[in-house]
Amino acid sequence: MKYLDEYRDAAIVRSLAARLRRTATRRWVLMEVCGGQTHTIVKQGLDELVGDAVEMIHGPGCPVCVTPLEQIDKALMLAERPDVIFTSFGDMLRVPGSDCDLQQVRARGGTVRVVYSPLDALQLAIRTPEKHVVFFAVGFETTAPANAMAVWRARELGVRNFSVLVSHVTVPPAMTALLSAPDNRVQGFLAAGHVCTVMGWSEYEPIAAQYRVPIVVTGFETVDIMEGMLMAVQQLEEGRFEVENQYVRSVTRDGTVPARHLVAQVFELVDRKWRGIGAIPRSGLGLRPEFADFDAELRFGLGDIVVDEPAECHAGDVLRGKLKPFECPAFGTLCTPSRPLGAPMVSSEGACAAYFNYRRLERRSEQPDVVAVATEQSL
Amino acid sequence: MCLGIPGRIIERRDDRGLPMGVVDFGGVRRSCCLAYVDDQVEVGDYVIVHVGFAISKVQEEEARRTYESLREMSQLDELDWMRETADLGLSAFEKPVAQRRGTA
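As you go down the protein sequences, you meet chains A and B in turn.
Take the first sequence: its position 10, counted from the start at 1, is 23 in our numbering, and no numbers get skipped.
Take the second sequence: its position 35, counted from the start at 1, is 188 in our numbering, and no numbers get skipped.
Calculated directly from the structure, the hints in this document are not laboratory data.
Be aware that a few hints might be false.
Counterexamples of contact, computed for chain A against chain B with all Cβ distances above 12 Å [to be verified]:
1. Leu-89
2. Arg-94
3. Phe-102
4. Gly-122
5. Ala-163
6. Pro-195
7. Pro-302
Below, a list of computed lysine to aspartate or glutamate pairs in the DMTMM-like style, where the Cα atoms sit at most 25 Å apart [as the list claims (entries may be wrong)]:
8. Lys-144/A with Asp-230/B
9. Lys-210/B with Asp-96/A
10. Lys-337/A with Glu-61/A
Don't be surprised by glycine CBs; every beta carbon is placed ideally from N, CA and C.
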């Protein structure tokens, strides 16, 4: 809340929040899908601003958080190989695997490089023919067009020392899985604006109709999110269950057609395990058989591995919206951003990190917490 | 990694059939792939870039607002990766095309 005063759109946000409070005749439960939106909501205290009108449940839209432990362990196995240069987006480096993380593998002598774009990894492969370059292809529909192009280009240019470890996930099947759960509480969604910039929103129309939930395509700025919440509540109050587009300045119904086209040429729908949530049918993207040469799992014979999540981490309950991060016994004590037990504490898009960064001290006033006190003194 | 960053196209190039360009992100310049917006953009236009790929064209005012909002929300991690990786010399334009073709 204290940050909101500094924000130039504060007056608009307050007026939208007041309208939302007047519109709501009861408390509605909404879920924001995108981790970037979670960050904004928690940092700016938007959930607190709407009072009892809306309960926000934070969804699983953090790619770092839902990448399954098995894929992290495979990444670690590849990064340890002397013949491999392992490349990744920066925020995967500190995600804990079963025994360690990519940063620790690098400290022990593994070659791990942060790249900004998958084309950087391909370029590195072209310039380093004596090594094999593996790129960790993770993310939602926003990174899929980039990763698809890297594979497409590798084939086009005949680059043989490049492959990808794929762990792509897609948003609509996760929403369906959440809505199908017998104990589901979500009554409406804010869909992720940038995912829809790529994909459009036609995929969401059958979900809104079948499960009778409003789905509002929403941007990630403070005003966007408050307006998205208002639009969803207006629909619920009027008994409408439609896909609406709040983020008109970026999103069209069909999305970015050439990007969707290439993604469909390189990837196909596969069953995918989500970290902390479990397997969701046809919720991921895997390489099509014609791109098998670029599949790191096949090339290095990684096969299927099954590993257990650490019992003390409740990330799965947080990602399903069953538990607020501060309700986890490990939050802020066993699990902190500098020593994360689970991925949601690592990424800036993760709900646990957002609560640790912006809500920890408020919580301390209600319930003293040794780590929070120590951290505050060190600031 | 899900939030795109707005930037301004300051140069366009063709890298063996792949439309590329140099994009300026508030002073940090990176080569980006323009294949997905190829027929909509020219030098001087603003685009939203996800992990090195322009995904949509935006108006200048919207680009400025979005950039400012990302900065306020401390969500410009990708700019840090750009800076971190700049010293690896991995920009697609940093080596002449002819030289790269030799190793491909």
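Hints, verified against the model:
1. Separation of Leu-89/A from chain B is adequate, the least Cβ-Cβ distance of about 20 Å exceeding the 12 Å criterion.
2. Consistency note on Arg-94/A: stated as away from chain B, and its beta-carbon is indeed over 12 Å from all of that chain's, at 20 Å minimum.
3. The claim that Phe-102/A is not at the interface with chain B is violated, since a C-beta of that chain comes within 12 Å of its own (minimum 5 Å).
4. Every C-beta of chain B lies more than 12 Å from that of Gly-122/A, the closest at about 18 Å, which supports listing it as non-interface.
5. The non-interface label for Ala-163/A is inconsistent with chain B: the shortest C-beta to C-beta separation is roughly 9 Å, within 12 Å.
6. The claim that Pro-195/A is not at the interface with chain B holds, since no C-beta of that chain comes within 12 Å of its own (minimum 29 Å).
7. In this structure Pro-302/A is separated from chain B by more than 12 Å, as the shortest Cβ-Cβ distance comes to about 24 Å.
8. For the proposed pair Lys-144/A and Asp-230/B, the alpha carbon gap of about 28 Å is over 25 Å, so the pair is violated.
9. Under the criterion of a C-alpha separation no larger than 25 Å, the hint pairing Lys-210/B with Asp-96/A is inconsistent with the structure, at around 40 Å.
10. With a C-alpha separation of about 14 Å, the suggested pairing of Lys-337/A with Glu-61/A holds against the 25 Å cut-off.
In terms of the numbered hints stated before, the structure departs from hints 3, 5, 8 and 9, listed from lowest to highest.
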